[in-house]
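J.: Residues per chain, in single letters:
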Amino acid sequence: MKPHRRKKLGIILFITAGLSVAVGFTAYALKQNINMFYTPTQVAEGEVGAGQHFRIGGMVKTGTVLDAPDSLKVNFVTTDFVSDVPIQYEGILPDLFREGQGIVAEGEMDAAGVFQASRVLAKHDENFMSPEVKAALDAAGASADNHMPAGTN
Amino acid sequence: MIPEVGQFSLILALCLSMILATLPIIGAYQNNFLWMSMARPLSAGVFVFLGISIAILAYAFVTDDFSVQFVAQHSNSLLPDRYKLTAVWGGHEGSFLLWTFMLAGWMLAVAIFSKSMPLEFVARVLGVLGFLITGYILFMLATSNPFDRIVPLPPVDGADLNSALQDFGFIIHPPTLYMGYVGFSVVFAFAMAALLSGKMDAAWARWCRPWANVAWAILTLGIALGSWWAYYELGWGGWWAWDPVENPPLITWLFGTALIHSLAATEKRGVFKAWTVLLAILAFAGSLLGTFITRSGLLTSVHAFAADPSRGFFILAILGITVGGALLLFAFRAPLMKSEFGFDLISREILLLSNNVILVVAAASVFLGTLFPMVYQAITDDLISIGPPYFNAIFIPLMALLALLLSIGPYTRWKRTSKTYLVQQLGKVALAALVLGVVLPLLVTRQISLPATMAVAIGLWILLAMLQDIVNKTANKATRLKGLRALSFSYYGMQMAHTGMAVMLLGVALTSSFSSERSVLLSPGQDVGLGNYVFRFDGVASVNGPNYIGEEASFTVFEEGEEIAILHPERRIYLATNTPSTEMAIDAGFLRDLFITLGERKEGDAWSMTLYVKPFVRWIWLGAIFMTFGGILAAADKRYRRLRRKQTESNRSQGKSNTLGGELQASS
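Going down the list, the protein sequences come from chains A and B.
Basically the numbering used here = 1-based index in the first sequence + 124.
Basically the numbering used here = 1-based index in the second sequence + 2.
In case anyone wonders, no lab produced these hints; they're calculated from the structure.
Built from N, CA and C at the ideal position, the CB exists for glycine as well.
Treat the hints loosely; a few may be bogus.
Simulated coverage check for chain B against chain A, where a stretch passes if three residues somewhere in it have a Cβ under 8 Å from a Cβ of chain A [to be verified]:
(1) 365-373
(2) 379-387
(3) 392-399
(4) 576-586
(5) 595-606
Cut-off 25 Å, straight-line C-alpha distance, at most; resulting in silico cross-link-like pairs (SDA-like, lysine to any residue) [claimed, not checked]:
(6) A:Lys197 with B:Ser521
(7) B:Lys421 with A:Arg130
(8) A:Lys197 with B:Pro582
(9) A:Lys197 with B:Val530
(10) A:Lys132 with B:Leu404
(11) A:Lys132 with B:Asp346
(12) A:Lys155 with B:Val377
(13) A:Lys185 with A:Gly224
(14) B:Lys421 with B:Thr447
(15) B:Lys270 with A:Ile139
(16) A:Lys197 with B:Val377
(17) B:Lys475 with B:Leu433
(18) A:Lys197 with B:Ala608
(19) B:Lys604 with A:Arg130
All chains should be built: construct the whole structure from the sequences, respecting the hints.
T.: In structure tokens:
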């Protein structure tokens with residue numbers, strides 16, 4: 125092999141090796157960090173494995189938001205109008221968190237069957253429903269339009 | 003009547019850009035001087051008519067013309083004037099018009115500052131840009147016309163601008179980001195022109211470089227402004243969330259960074275030609291991907307505009323035609339672009355190649371993490387999300403590796419560098435950086451922290467190596483000052499951008515490892531400690547703005563018993579939409595930020611709140627500012643101007659000969 129060819133081959137091998145390592149690491153990291161999304165009905169039917177970190181989406185059920193008086197704990201119920209899942213969160217909720225609004229929460233189920241949320245997302249636009257929440261409602265067979273509060277669409 | 007003029011002007015711009023997309027390119031093939039020379043005036047025409055369009059839309063906002071649907075949806079008579087004006091980019095339609103207008107601005111700049119390039123090349127570049135603008139305007143007219151009216155009964159008042167957008171960050175972040183984003187369309191057009199002509203030489207890279215540098219610099223600034231805005235507006239104390247809409251600019255930036263480095267090798271050594279062209283295409287694809295993700299409504303994100311599937315398909319079609327076409331053309335032409343592999347394993351070429359490999363791998367993994375949920379959903383119908391841990395796990399080691407190699411780069415020479423020279427030059431620097439990296443954090447925090455040690459060591463590794471390089475380079479001159487003056491702008495630009503990288507890296511690592519936060523419930527008069535600081539809650543008063551009502555809390559912050567800051571976080575309710583909004587209070591500092599988010603009133607007069615201490619967080623954006631100046635400084639290098647003057651003269655003489663015989667143009 126001519127020297128410059130050998131050099132070229134060396135460079136190509138170097139890049140290929142680097143890329144393979146990168147692809148391996150990436151695939152591993154990806155596998156470790158996938159958060160599945162479940163609807164309240166799926167959770168109620170026991171599709172979620174124990175200790176699994178996941179996302180849940182639905183509407184905040186009207187009249188269920190309970191503030192703890194002496195701490196930042198908040199309890200509420202999320203619903204897809206078929207099943208309900210209680211959620212507990214400690215911290216300050218996003219500005220647009222409201223009863224009757226769609227939210228997405230990330231966390232895990234505890235032993236008592238309460239979803240312990242580490243993060244709660246609410247969309248910053250009144251007329252917008254997150255695709256995840258919409259999918260949850262559609263899956264439950266509930267038309268979102270029938271359940272949205274008046275004045276929104 | 004006036005909004006219709008805006009629409010008419012948009013249609014005129016479309017007509018002109020259609021001519022621009024065809025005639026000059028055909029002219030370049032047929033060597034038709036007249037058709038080629040139409041490119042510049044047509045570009046100016048497109049710019050003017052798009053300018054009229056956007057001005058009329060702004061006028062509709064300022065005059066509260068709520069019969070225009072876009073105005074009615076994004077403005078309100080109570081909205082302060084500065085937001086009325088900037089609400090032009092407060093929604094999908096107007097922001098896309100801004101995007102297109104900015105592309106026309108770049109196109110005009112190319113038309114003006116391209117005297118040094120052959121007309122044939124300029125005609126192709128402007129033609130490709132005209133093609134893009136044609137696609138964009140068609141998209142607007144077909145799916146998202148900002149001038150659509152509400153007939154027959156326009157609303158009395160508008161729905162107001164999203165309250166989260168009513169902020170200074172909104173005035174500057176989107177235009178800057180778009181400016182950088184579409185700048186890569188210019189680089190893309192340069193690459194296309196080279197592929198169309200089949201000629202790619204060092205001169206091409208030299209024409210391309212300043213444009214790539216400026217686009218990169220502005221994109222850097224645009225992303226940093228977005229990060230800064232998110233930090234103080236969204237109220238969770240973070241500066242980067244790996245949000246699916248944040249990622250495409252980052253992907254574009256990573257490809258762009260790879261591009262400006264490989265352009266250096268292409269210009270100076272004539273290597274990596276095909277690779278450079280591919281990077282230009284990828285950077286452009288990244289910018290279109292960003293548009294697609296934001297405007298198709300496919301992903302949940304703070305940035306997403308309301309969904310409309312037809313828009314998604316249209317943008318996907320633009321993406322497919324331009325990027326697909328470009329890649330196809332690339333596949334045909336790439337074998338023609340021969341590069342010589344005339345360099346050793348330790349050489350500047352190899353260092354630049356490593357830089358490119360790392361950056362492209364980083365871009366690819368961000369791309370994968372962003373798109374994977376969409377692809378997964380399409381295949382399995384299950385919804386998933388990829389969390390920040392994935393991105394951190396990949397991104398941090400890659401950037402650390404990049405930073406380690408970054409110091410070596412400027413010490414290497416083209417073709418070959420001896421190992422002993424590098425060890426002799428950098429051995430001491432490495433040792434000093436390592437020792438200081440262990441000692442400095444230990445002195446300040448009295449504890450050993452691995453991330454801090456690594457960050458300080460790597461940061462100093464970059465900074466010390468840079469200082470030594472400047473000392474070396476000025477050593478042989480009569481005085482240091484003369485030596486400093488003799489160094490080129492592009493050299494200073496490089497060092498400045500590299501300094502920015504070191505500063506940003508320090509900021510990211512230190513703020514990630516030493517930030518603290520505390521969520522508490524306080525009544526007026528109570529205080530709470532966090533780190534070295536004590537926050538005292540003094541009470542809440544009501545404040546009313548032009549279009550909102552709110553409550554403003556007062557805090558006094560003490561450090562070692564001394565009062566150092568008074569902070570006023572707010573909670574507002576915007577009247578037109580009845581939306582609540584939180585306004586953070588920040589005491590910004592070079593070494594640390596103190597940051598308070600007000601929650602809500604609980605039992606009695608107790609309020610929930612989150613307090614943060616964020617050391618070195620400003621360094622993240624300071625680093626980006628360094629990079630921006632570095633990029634602009636490099637683009638302002640004298641040799642591009644010198645070249646311009648020389649080539650203008652030669653072009654002029656060629657132009658004369660062209661009037662006699664057209665064939666000569668082809669050989670230039």
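J.: None of the hints should be skipped; say for each whether it holds.
T.: Against the structure, the hints:
no.: 1; hint: 365-373; result: holds (count 4)
no.: 2; hint: 379-387; result: holds (count 4)
no.: 3; hint: 392-399; result: holds (count 3)
no.: 4; hint: 576-586; result: holds (count 5)
no.: 5; hint: 595-606; result: holds (count 5)
no.: 6; hint: A:Lys197 with B:Ser521; result: 10 Å, holds
no.: 7; hint: B:Lys421 with A:Arg130; result: 20 Å, holds
no.: 8; hint: A:Lys197 with B:Pro582; result: 20 Å, holds
no.: 9; hint: A:Lys197 with B:Val530; result: 19 Å, holds
no.: 10; hint: A:Lys132 with B:Leu404; result: 23 Å, holds
no.: 11; hint: A:Lys132 with B:Asp346; result: 10 Å, holds
no.: 12; hint: A:Lys155 with B:Val377; result: 15 Å, holds
no.: 13; hint: A:Lys185 with A:Gly224; result: 6 Å, holds
no.: 14; hint: B:Lys421 with B:Thr447; result: 38 Å, violated
no.: 15; hint: B:Lys270 with A:Ile139; result: 23 Å, holds
no.: 16; hint: A:Lys197 with B:Val377; result: 36 Å, violated
no.: 17; hint: B:Lys475 with B:Leu433; result: 22 Å, holds
no.: 18; hint: A:Lys197 with B:Ala608; result: 14 Å, holds
no.: 19; hint: B:Lys604 with A:Arg130; result: 73 Å, violated
Hint compliance for this structure: hints 14, 16, 19 are not met, and every other hint is.
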